[in-house]
Amino acid sequence: MEIIIPKQSQIYRSLLKADFLAKWRNRRAGAVTVLLPIIILIAWKQVVKQFGGPFALSMCITFGVVAVGLMGYSNTTARDRERGVFQRLRVTPASTWNIMTSRLTVELAQIAIMTVVAFAVGYYWDKIALSPLAYLFTLVIALICGMVYLGLGQAVVGLITSAETINSVSRFLYIAIILLGALGEFGVLGKVIGDIITWSPYGTVKEILNASMQPHIWNGQAWLALLITLVYGSLFAWIGIKWFKWNT
Amino acid sequence: MENTSSGPILKVENLNVYYGSQQAVSDVSFSIEHGEIFGLLGPNGAGKTSTLSSIEGLITPQSGSIYIAGYDIQTDPVRARANMGVQLQSTSFQSELNVLEILNLYAGLYGVPLTAEKIKSILQDIQLESDAKKHFGQLSGGQQQRVSLVIATIHNPTLALLDEPTVGLDPQSRRQLWGRIEVLRGSGKSVLLTTHSMEEAEAVCNRIAIIDHGKILATNTPAGLIDQHREDPRVIKVSRGGKITLEDVFIGLTGETVRR
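Chains A and B are the protein sequences, given in the same order. The opening position of the first sequence corresponds to residue 1 in this note's numbering, with each subsequent residue numbered one higher. The opening position of the second sequence corresponds to residue 1 in this note's numbering, with each subsequent residue numbered one higher.
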């Protein structure tokens, strides 16, 4: 039998199928990241009334993308690295880029699902209705925001090798980002902290999600927030790739 | 180096691997011919895994060259890896996938089409027909090793790299695995295996290299190594009297100190 040289596209399809299957088998853990924004949408009806639908919806989607990047991606990557799953894949003709791209694609799909579910719950429960363009635009922006937090998750697994420590650190970061972000946004922490949060990864992500739901108010500040979001994403990804080790 | 079926299937030349300032592999050279089972023997920390990891392309050596079926693992990794199958020391597959899904994944990674018949025949061969839906972690040690070996050879590679494949196996499973390794040799494939077991090395290897402190100390057939070192005072000193064994040669050359 002759040796077959597989195409990278064929390899990518195989990896993607396996990664989707693994994600599906882990759907209970994945559901938590989708459930949190929904619970908030349902429980915070008052926020919708007081601050408007896009504000509440963008906050929920922000919570969701932070959860996927920090609680989901970083922990799965750390666990599989510790078990030697990546090393086993790396001795096949699969390129390292293919291995990671497949995993990131699955996470982005989860973010897309979480966003669509948030749209649906927002529409049926809180009567938050957006234009078709706004839905589409928000979905694209949610994926961009997702990349920032997947980048942060990558940075965490790049800088820390122990899966146990990564689990603790990602939980801590998740709670800190959510708590500081939400409190800062409501002005509880004062103006200086509030300003810092506005331009933090939480604030810029929240800002562009909020603006994307109302494309007519997309302005200079939204462009700046998008630019800063992309810088954060690139920085986190650079850190995560530069220091990432394939084995522990 | 051009790809050639007449040359050695694996050629390692002047390999040097450092971890910081510590040298793990020092100027290691050897080659494996078609249909040959080559054993790499060494105590813990001798440089076996570093040598193997370099061949697998998992680490980049500081200097030296490695050709698999004529393809350089550093400059042409896809072709080199398509020609080799690897069984790692602690094999782990995605814990969420079952045996059938793992088979499909790795067949896809090597571009091997798997028909239902082919899958059935593989599962029959490794006696896991009724356990195809089990997850890897639910299998016994022997079953896991059979799955690992079948994955390593699913694309019918010309070279199989087996890193301590029989560790933790009961005698029956170990014998069965030796049988499978010999079937590979019978079909013209080459095998590079690392092991701590002298019995295993004598049972299946055509040639053995003893490695310690990153250097190859001796290379020969198992019988040739014994003959070559029969009169070596280091070997005589550690022999337990009577016949000189491969283990005497190994301990004579690598020392009696227990390694971590």
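One or more of the hints may lead you astray.
Claimed, not checked - Heads up, simulated PhoX-like pairs for lysine-lysine below, C-alpha to C-alpha not over 20 Å straight-line:
hint : chain 1 : residue 1 : chain 2 : residue 2
1    : B       : Lys118    : B       : Lys133
2    : B       : Lys134    : A       : Lys23
3    : A       : Lys17     : B       : Lys215
4    : A       : Lys7      : A       : Lys17
5    : B       : Lys215    : B       : Lys11
6    : B       : Lys118    : A       : Lys23
7    : A       : Lys127    : A       : Lys45
8    : B       : Lys134    : A       : Lys17
Stated by the list, open to error - Here are some of the chain A residues that sit facing chain B, going by a computed Cβ distance under 7 Å:
hint : residue
9    : Ile4
10   : Pro6
11   : Ile11
12   : Arg88
13   : Val91
14   : Pro93
15   : Ala94
16   : Asn98
What the hints assert, rightly or not - Facing chain A, a subset of chain B residues (Cβ under 8 Å, in silico):
hint : residue
17   : Thr75
18   : Arg79
19   : Arg81
20   : Val86
21   : Gln94
22   : Leu105
23   : Tyr106
24   : Leu109
25   : Thr115
26   : Ile236
27   : Ser239
Source of the hints: derived by calculation from the structure; they are not laboratory data. As the structure is a prediction and not an experimental result, all values here were calculated from the model. Backbone N, C-alpha and C define an ideal beta-carbon position, used for all residues, glycine too.
Verification of the supplied hints:
Restraint check: the Cα-Cα separation between Lys118/B and Lys133/B comes to about 16 Å, which is no more than 20 Å; the hinted pair holds. A distance of roughly 17 Å separates the Cα atoms of Lys134/B and Lys23/A; the hinted pair therefore holds under the 20 Å criterion. At most 20 Å may separate the alpha-carbon atoms for a hinted pair to count; Lys17/A and Lys215/B exceed this at roughly 43 Å. Note on Lys7/A and Lys17/A: the hinted pairing holds, with a Cα-Cα distance of about 16 Å set against a maximum of 20 Å.
For the suggested pair Lys215/B and Lys11/B, the alpha carbons sit about 16 Å apart, so the restraint of at most 20 Å is met. Taking the CA atoms of Lys118/B and Lys23/A, the gap is about 27 Å. The hint is violated against a cut of 20 Å. Simply put, Lys127/A and Lys45/A have alpha-carbon atoms about 10 Å apart, close enough for the 20 Å limit, and the pair holds. Using a Cα cut-off of 20 Å, the hinted pair Lys134/B and Lys17/A holds, with the two alpha carbons roughly 18 Å apart.
With a least beta-carbon distance of about 4 Å to chain B, the hint placing Ile4/A at the interface is held under the 7 Å criterion. Hint status for Pro6/A: holds, given a least beta-carbon distance of 3 Å to chain B, under 7 Å. Because the smallest distance between the Cβ of Ile11/A and any Cβ of chain B comes to about 5 Å, under 7 Å, the interface hint for this residue holds. For Arg88/A, the suggested interface contact is upheld, since its CB lies about 6 Å from the closest CB of chain B, less than 7 Å.
Hint on Val91/A holds. Least Cβ distance to chain B is approximately 4 Å, under the 7 Å limit. Because the smallest distance between the Cβ of Pro93/A and any Cβ of chain B comes to about 5 Å, under 7 Å, the interface hint for this residue holds. Interface hint at Ala94/A: satisfied, since its Cβ lies 5 Å from the closest Cβ of chain B, which is below the 7 Å cut-off. Taking 7 Å as the C-beta contact cut-off toward chain B, the hint placing Asn98/A at the interface is violated, the least distance being around 9 Å.
Interface restraint check: Thr75/B against chain A, minimum CB-CB distance 14 Å, threshold 8 Å, status violated. Look at Arg79/B: its Cβ gets to within about 6 Å of chain A, closer than 8 Å, so that hint holds up. The beta carbon of Arg81/B comes within 5 Å of a beta carbon in chain A, closer than 8 Å, and the hint placing it at the interface holds. Hint status for Val86/B: holds, given a least beta-carbon distance of 4 Å to chain A, under 8 Å.
At about 5 Å, the closest approach between the beta carbon of Gln94/B and any beta carbon in chain A falls short of 8 Å, and the interface hint on this residue holds. This hint holds: Leu105/B has a C-beta 4 Å from the nearest C-beta of chain A, less than the 8 Å allowed. At a threshold of 8 Å, the smallest CB-CB gap from Tyr106/B to chain A is about 7 Å, leaving the interface hint in force. Annotation: Leu109/B was flagged as interfacial toward chain A, and the flag holds, the nearest CB pair being 4 Å apart, inside 8 Å.
Taking 8 Å as the C-beta contact cut-off toward chain A, the hint placing Thr115/B at the interface is violated, the least distance being around 15 Å. Annotation: interface hint on Ile236/B violated; nearest CB of chain A at approximately 41 Å, more than 8 Å. Evaluation of the Ser239/B hint against chain A yields a violated restraint, the C-beta minimum of about 38 Å exceeding 8 Å.
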